[in-house]
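K.L.:
So you can see what is in the structure, the chains are spelled out below.
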Amino acid sequence: MNARMLAFVAIAGALFGFGLAYSTMVKPEVVIDFLMWRDLGLLLVLGGAVAVTFLTYQLLPRIAKKPWLADAFGKHPSEMSARTLAGAAIFGVGWGLSGVCPGPAIAGLGTGNWPLLLALAGLAAGAFIQGRFFAPKAP
Amino acid sequence: MDAFFPNGWMHYLAGGLLLGAGMSLLFAATGLIGGMSTVFTSIWSFFSQAPYFRDARFLSSRTWRLVYAAGLVGGALVWLLAFGEPFVTGIPAWRLLVGGFIAGFGARLSNGCTAGHGICGIASLQPASILSVVIFLATAMITARVVTALA
Numbered sequence: 052m053n054a055r056m057l058a059f060v061a062i063a064g065a066l067f068g069f070g071l072a073y074s075t076m077v078k079p080e081v082v083i084d085f086l087m088w089r090d091l092g093l094l095l096v097l098g099g100a101v102a103v104t105f106l107t108y109q110l111l112p113r114i115a116k117k118p119w120l121a122d123a124f125g126k127h128p129s130e131m132s133a134r135t136l137a138g139a140a141i142f143g144v145g146w147g148l149s150g151v152c153p154g155p156a157i158a159g160l161g162t163g164n165w166p167l168l169l170a171l172a173g174l175a176a177g178a179f180i181q182g183r184f185f186a187p188k189a190p
Numbered sequence: 054m055d056a057f058f059p060n061g062w063m064h065y066l067a068g069g070l071l072l073g074a075g076m077s078l079l080f081a082a083t084g085l086i087g088g089m090s091t092v093f094t095s096i097w098s099f100f101s102q103a104p105y106f107r108d109a110r111f112l113s114s115r116t117w118r119l120v121y122a123a124g125l126v127g128g129a130l131v132w133l134l135a136f137g138e139p140f141v142t143g144i145p146a147w148r149l150l151v152g153g154f155i156a157g158f159g160a161r162l163s164n165g166c167t168a169g170h171g172i173c174g175i176a177s178l179q180p181a182s183i184l185s186v187v188i189f190l191a192t193a194m195i196t197a198r199v200v201t202a203l204a
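Line by line, the protein sequences give chains L and V.
In terms of my numbering, the first sequence is residues 52 to 190.
In terms of my numbering, the second sequence is residues 54 to 204.
Extracted from the complex, chain V is given alone in its bound form (with noise of 0.2 angstroms):
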């Protein structure tokens, strides 16, 4: 047990619950289905005459996107006050900006992320999301080996 969880494993089960709990809430209450990466794509129907960034599909939906965005920051920030301790990571900034910018264009090409495929479309037993998890999970164990034997 401790071979692959060499920092416990409650922490992760509760965590991963409490986020099912946050996705269920917000189905049961609106419907909606909880993914993270099109908040990224509809922020832009503010500030782009772009056709895409037009759709009806981020149009409707950028409101509630931004105050479910903001709502993240505020559970995590109440993680941080009641429990937790400020961690800022050492992750090199290079890698974070240009890691960030290949998974945005990547979840948004993919329409889906961890969260859209990995909890949402697993739940909603979307083949076309299981494969699409299979996939970024290897080329994500890949591509962390490949940078940190370079490093």
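Okay, chain L solo, but in the shape it has when bound (with noise of 0.2 angstroms):
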């Protein structure tokens, strides 16, 4: 990955947390909010980001052979496993324990939000126990 993509890839990035904290996902409060049903705003974060990336993932390609900057368009790998469904429903768990989530943990950073730091190191603590005790055997 050369130095061109990378700016490219912090330019996207800054988009993203400027988005978060724009719609104030950074703030664990209105996602507790959302889950409770008090503000219902989550549901329109991630419903004009899906219509946007939607777009671009289905059009996009029909249109160019490849990226700028790169040889091909990725994919998102989910795999229909009980794996993928059971980590989603422990996520879920969590996320609503602590409100937080990895994109708004590392962005809020950001917005001088500094207790996210403890939600960072528990998303990497957890990220961690997974990755080293219930890694999926290699095929």
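One should not assume that every hint holds.
[Claimed, not checked] Chain V side only, calculated, beta carbon under 7 angstroms to chain L, not exhaustive: (1) 66; (2) 80; (3) 83; (4) 90; (5) 130; (6) 139; (7) 145; (8) 202.
What the hints contain is simulated information worked out from the structure, not anything from laboratory work.
Where a beta carbon is used, it is the ideal one built from N, C-alpha and C, also for glycine.
Using the hints, put the two standalone chains together into the complex.
P.N.:
Here it is as structure tokens:
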């Protein structure tokens, strides 16, 4: 990956982080309010993000052979398996408990929300335990 | 409308469109899929020799995932300097730490989070991602209600 590609990665990440801050998703309280059905704003965030991304993912590979700076368009790898679905159920428990998911945990640091460091430590520790002790067996 | 969106709705929709623009720019320029939970696994490839963390998909993506994460912090900082006020959450520390741990474990077991399954997976029309979103929304709503009731 060359510097030009990384520059675009950084700009894309900045748009993402700005969007998370602007939409107040970096506030765990707002996420908890959504989960309690007191403020359905998160649905608009998710819906808006999916709509734009859906158009790009579906249309761009039909009109362009490849991305500007790389050889091929990637695909999101989702496997219909007990592991995927059980993981999703567990993820939801942690999300509901903390009001924090990976994107806002990272972006929130930029808004000065320093207790999110605890959530980041938790996320990293959870990912370590998964990779160290619950990794899928090699095919 | 006010009953569903007591804090207004435009900033939610506009923020969502910006998230989509970021995902789209990443895809158009580099072909990469911008999920967010993988960085928490790939970062361990710098420190751990455990076989799973040495997998090519983590070694080959760990640099751009870190740059992507740094971009997230930078973008949010731009928002703070231009429009925002610092915000410090009042969620108790144990809920952030334990909830983060459970969410990190689950997202990596599932290979996706609110960004990976919720945005990228749905936008790719992946059945496993769409079902995962339904499942984690349900367990998150139940958990939030139970924790609030017990608090």
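K.L.:
Does the closest beta carbon of chain L sit nearer than 7 angstroms to the beta carbon of residue 80 (chain V)?
P.N.:
Because about 6 angstroms separates residue 80 (chain V) from the closest Cβ in chain L, which is inside the 7 angstroms limit, the hint holds.
K.L.:
Given residue 90 (chain V) was flagged as interface, is its beta-carbon under 7 angstroms from a beta-carbon of chain L?
P.N.:
holds (5 angstroms)
K.L.:
Hey, does the residue 139 (chain V) contact hint survive, CB to chain L under 7 angstroms?
P.N.:
holds (4 angstroms)
K.L.:
Does the CB of residue 66 (chain V) sit less than 7 angstroms away from some CB of chain L?
P.N.:
Constraint on residue 66 (chain V) satisfied, holds at 5 angstroms.
K.L.:
For the hint on residue 145 (chain V), just tell me whether its beta-carbon gets within less than 7 angstroms of chain L.
P.N.:
Residue 145 (chain V) check fails; min Cβ-Cβ to chain L is 9 angstroms, beyond 7 angstroms.
K.L.:
Holds or violated: residue 130 (chain V) as interface residue toward chain L, Cβ cutoff 7 angstroms?
P.N.:
Hint on residue 130 (chain V): holds, closest Cβ of chain L at ~4 angstroms, below 7 angstroms.
K.L.:
Please check whether residue 202 (chain V) passes as an interface residue: C-beta within 7 angstroms of a C-beta belonging to chain L.
P.N.:
violated (10 angstroms)
K.L.:
How about residue 83 (chain V): closest beta carbon in chain L under 7 angstroms, or not?
P.N.:
holds (5 angstroms)
In this structure, the hints that do not hold are numbers 7, 8, in rising order.
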